[in-house]
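Got chain R sorted already, so can you dock chain E onto it with the hints?
The listed protein sequences derive, respectively, from chains R and E.
Going by the working numbering, the first sequence runs without a break in its numbering and finishes at 1352.
Going by the working numbering, the second sequence runs without a break in its numbering and finishes at 479.
The hints are simulated quantities; they were obtained by calculation from the structure and are not laboratory data.
Fair warning: there could be bad hints in the mix.
As the list claims (entries may be wrong) - Derived BS3-like pairs: lysine-lysine, alpha-carbon spacing no greater than 30 Å straight-line: (1) E:K385 with E:K425; (2) E:K257 with R:K1348; (3) R:K1294 with E:K257; (4) E:K257 with R:K1323; (5) R:K1296 with E:K206.
Note that the coordinates shown come from a computational prediction; the quantities given were computed from them, not determined experimentally.
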Amino acid sequence: MVRHKAKVNREVCLSCGGCIAICNQDAIRMVEGKAYVNDSACIGCGICINFCPVGAIEKVDAV
Amino acid sequence: MKYDVVVVGGGPAGSVTARFAAEGGAKVLVIERRKEIGVPVLCGEGISKKIDSWGMLDSRNWISREMDGARIYSPNKTMVKLSAEKAGNETGYVIHRDLFDQELARKAMRAGAEYMMNTKAVGLIKEDGRIKGVKAMHFNEKLEIEADIVVGADGVESNVGKWAGIDTTLKPNDIESCLQYTLANVDCEDPFTDFFLGKKIAPGGYIWVFPKGKDVANVGIGVLGSLSRPGLAKKLLDDFIKSDPRLRKGQPLRVLAGAVPVSLPIKTVKDNLILVGDAARQVDPLTGGGLTHCLEVGKIAGEVVAEAVNEQNFSEEFLMKYERMWKERIGKKLERNYKVKELMLDLDDKTLDKFADSLKDYNFDEFSTKGLIKALVKKHPSLFVKLIPLVKG
Chain R
1290 MVRHKAKVNR EVCLSCGGCI AICNQDAIRM VEGKAYVNDS ACIGCGICIN FCPVGAIEKV
1350 DAV
Chain E
87 MKYDVVVVGG GPAGSVTARF AAEGGAKVLV IERRKEIGVP VLCGEGISKK IDSWGMLDSR
147 NWISREMDGA RIYSPNKTMV KLSAEKAGNE TGYVIHRDLF DQELARKAMR AGAEYMMNTK
207 AVGLIKEDGR IKGVKAMHFN EKLEIEADIV VGADGVESNV GKWAGIDTTL KPNDIESCLQ
267 YTLANVDCED PFTDFFLGKK IAPGGYIWVF PKGKDVANVG IGVLGSLSRP GLAKKLLDDF
327 IKSDPRLRKG QPLRVLAGAV PVSLPIKTVK DNLILVGDAA RQVDPLTGGG LTHCLEVGKI
387 AGEVVAEAVN EQNFSEEFLM KYERMWKERI GKKLERNYKV KELMLDLDDK TLDKFADSLK
447 DYNFDEFSTK GLIKALVKKH PSLFVKLIPL VKG
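Only chain R is shown next, with the shape it has when bound in the complex (with noise of 0.2 Å):
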């Protein structure tokens, strides 16, 4: 089975914090002005990848 985590396209990324504040593993924080996601502790959900309101966030495999 293939896993997924969750992964910020910083290019895209508005910085608006909404992702921080939905994730319930308490796995996203700001680095450098925008956010990032902790590997180790993303579930995959997909919660803040919905959440995005410019689409920034991506589903990718895990390694």
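Then chain E, alone, in the frame of chain R:
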């Protein structure tokens, strides 16, 4: 570095809290991660004129345009108008949030509060389970700021609350996914704030047009998180702008994304730490408005904090006075409007059109969401039995 109070975040809630704490005699430090107070603007920039009577701002340079009223459009564009002539003079302003925030910060500074910019809180200092202050990065320098009271005014992300063990995580149905353009070259002659409702227009939210001038307007959208899809807010807003003759030729001076908490009130005191503003979810869950609350609640917070400092009592029990007082002031409204928000989600577009049709010539006696609900109850007693308890008292 030792202070009585450290405030994390120099937005309206943080600055007002800092001001009243400092005026009450506390030694206050505000840390702000940004490089300029109020910048970038993250807001629709609408506010009620009722703030005038609170006397918290002297200058008027933060007012961009005075409004004559509000217009609400149902899905089929039936308009309900709340105007000053019909509902008294308590309408609103469209403001410059950067200047507004800076005015509040200047007031806090005048009262003696210190500010540090480009300073990011990274954690709490804890000793034997007790909160002793805030760990921060100031430029590339690590700081330990000791304080008897910590105030989390760090916005929707609410990291300070999480560090203290308060559950501030917002469920997808308790947060709005927002996008806004400030558009120039638009045609907004009328000084009215406009709200557009409908499941296809903005599911679980609305589109707003707040004119900052005759040819400049903030045009934004909120979509409820549980109904959002990747990039949906942007797509729906772009579609709306293309479809509106007033806005079609508009060009963006600014774009911003936002996240607005629309939840029930949460716990706002933990040991010697309190939360204020968006971090405390002190936002009207129906309108998404929070600016007036920041002023009301910030004053209460600052005064209680100053009292705690003067009595050297930093217990949760003492600071709970703040929570009781702010809930007394706005708690009922937040709970009522949360219920209305939930009821609204069940209404289809046809019902909204019907409601709008019945209210289009109504003379509102109150310029507020409560006034709107009252009118709806009057017009649709059978449909709105559920709403009646919400407007009593």
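Verification of the supplied hints:
1. E:K385 with E:K425: It holds: about 27 Å lies between the C-alpha atoms, which stays within 30 Å.
2. E:K257 with R:K1348: 20 Å, holds
3. R:K1294 with E:K257: 19 Å, holds
4. E:K257 with R:K1323: 22 Å, holds
5. R:K1296 with E:K206: Distance of about 23 Å is within 30 Å: holds.
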